[in-house]
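A.B. asks: Going down the list, the protein sequences come from chains A and B.
Read in order, the letters of the first sequence are residues 1 to 264 in the working numbering.
Read in order, the letters of the second sequence are residues 1 to 258 in the working numbering.
Calculated directly from the structure, the hints in this document are not laboratory data.
Some hints could be false.
[Unchecked claim] Straight-line C-alpha distance at most 27 Å; calculated DSSO-like pairs for lysine-lysine:
#	chain 1	residue 1	chain 2	residue 2
1	B	252	A	87
2	B	3	A	115
3	B	168	A	25
4	A	87	A	104
5	A	12	B	221
Keep in mind the model is a prediction, meaning the values are calculated, not measured.
As a plain string of letters, each chain reads:
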Amino acid sequence: MNKHKYLVVYTKFLHTSLASELEYKTNIIIDAITAMLSLVGSIFLLSIFFQNSGNIGGWEFEQALIIQGIYTVLNGITNTWFNPNLKEIVRHVREGTLDFVLLKPIDSQFFISFKKVAPSGFLEIILGVCLLFYCIKINQINISLNFLILSLITITCSICILYSLWFFISTTTIWFVKTWNATEVLRSFLYIGRFPMSSFSFYLRLFFSIIIPIAFITTIPSEVFLGLAKIWKIILEIFITWIFLITSRRFWLFALNYYSSASS
Amino acid sequence: MRKIFTLLKVQYSNMLEYRVEIALWAISGIIPFFMLNIWTNNNLNESININNTMLSRYFLSAFFVRQFSVVWVVFSFEEDALLGKLSPYLIQPLNPFFRYFTQHIAEQITRFPFALIIAIFFFLFNPESIWFPNLIFLFLSFISTFLSFLIQFLIQSIIACLCFWTEKASSIERLFFIPTLFLSGLLAPVASFPSYVKSWIYLTPFPYLIDFPANLLSGNKTNISVGFFMQILWILMLFPLFIKIWYEGTKKYTAMGS
């Protein structure tokens with residue numbers, strides 16, 4: 001593995017996709033407004049839940065805002081990196097252009113996962129980070145080195161789990177060709193990441209911890225923010241991240257064995 | 001009329017090809033059930049005077065109404081316009097929107113069994129919420145769901161026509177989808193909204209998209225005559241706008257790649 005080569009290729013990816021996205025300037029403005037409205041909407045929904053109740057699932061309003069912040073950051077990352085590339089994979093398989101990707105002297109998973117960047121998601125990330133800073137202020141969280149390291153680790157793990165989930169679904173394109181709807185299912189499941197996991201019933205919690213680990217994606221980083229996370233939970237999250245990354249990689253290599261180019 | 005019927009038949013057989021996809025679409029609509037879980041699990045409904053059973057019926061109805069009023073015309077239209085597929089449709093003596101309209105109806109027919117299966121599962125987990133709405137209300141809610149579908153179809157068609165000017169209209173649709181999502185009653189019944197929102201929300205089209213038909217179907221309290229009046233009023237306002245923007249747009253249209 002030549003790290004330098006991958007870095008050079010990635011800067012080229014960034015350059016080309018930014019150039020093509022900036023063609024549609026008004027689009028970026030509209031997407032920015034959409035991201036802001038979406039955040040306002042979900043805080044509005046949260047305020048409905050809290051208007052007659054002090055806490056849901058043991059979380060107060062100010063604490064639940066942290067979850068919103070982390071969700072917004074992760075959603076921004078999804079919209080910037082995972083989503084546009086996923087669309088590309090579907091197109092590659094349907095039109096048979098995956099051949100060209102496989103022939104390139106570069107790792108196919110790298111190429112397919114990072115080819116495109118949609119800058120409109122950046123604003124969502126910025127919004128989420130701002131919300132997180134605001135939450136740190138209103139919850140009076142002390143920023144210590146320990147806190148910074150732990151939150152960085154857990155958020156990185158969340159990003160990796162999210163990436164693996166998306167990549168898993170994109171890989172199934174090789175058999176089913178149209179996975180566009182499967183991603184919608186994942187999207188609607190991810191939606192519950194906006195709320196504290198403890199506010200759901202036991203069976204849903206079980207489902208979202210074992211089968212689709214959404215519980216780990218937003219709730220654990222938020223608990224780290226509040227200093228409530230137990231160390232075994234963090235270790236478990238790291239372990240799960242590792243499993244997801246390895247299996248999604250294996251699954252991709254396995255799926256490639258079944259790839260038969262289009263029209264041949 | 002015969003044209004529409006033929007189109008419907010063609011689109012239905014077309015849709016049957018994509019059964020798996022439509023089943024997945026149906027599953028992706030289950031967000032209302034997650035919301036229901038939060039409401040009942042935290043006893044939040046006591047404050048809005050709707051008991052657990054009625055609330056679960058409401059969310060199941062909201063799921064159904066959403067299933068049969070989903071509109072995606074802007075995405076099909078944008079693709080057709082960008083790839084230049086629109087040109088042959090424009091020459092035909094039939095407004096291309098009829099094609100999209102029948103496509104939606106055909107998809108809804110295909111979707112119906114899957115929605116029913118999800119409802120059966122819902123009843124298995126919540127046996128106390130089983131109910132049969134009386135025939136009049138069933139009929140009324142069917143009509144109001146269809147009207148809700150028409151409103152959304154008209155709004156999206158108007159947005160789709162903006163393709164003639166901006167080429168990428170789907171981002172405008174995504175922007176418009178946000179208030180639809182939060183204000184239509186899909187995630188929380190409008191009855192639970194704070195009063196500063198309730199004071200103006202009934203003047204917008206949003207509560208009539210999901211909240212009103214879902215209340216009818218589930219037997220929750222709602223103002224029937226005002227609901228229908230507002231739905232028809234919005235259709236009467238949107239339809240001329242659509243016709244106008246369509247004529248302006250087709251004049252402006254220059255086929256892609258030719």
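A.B. asks: If a hint holds in the structure, say so; if it doesn't, say that too.
C.D. replies: Do the hints match the structure? See the list:
For the given pair, residue 252 of chain B sits about 30 Å from residue 87 of chain A by alpha-carbon distance, which is inconsistent with the 27 Å threshold. Among the hinted pairs, residue 3 of chain B with residue 115 of chain A is inconsistent with the structure: their alpha-carbon atoms are about 45 Å apart, more than 27 Å. A distance of roughly 11 Å separates the Cα atoms of residue 168 of chain B and residue 25 of chain A; the hinted pair therefore holds under the 27 Å criterion. Simply put, residue 87 of chain A and residue 104 of chain A have alpha-carbon atoms about 20 Å apart, close enough for the 27 Å limit, and the pair holds.
Distance restraint check for residue 12 of chain A and residue 221 of chain B: the Cα-Cα separation of roughly 59 Å exceeds the 27 Å cut-off, and the hinted pair is therefore not satisfied.
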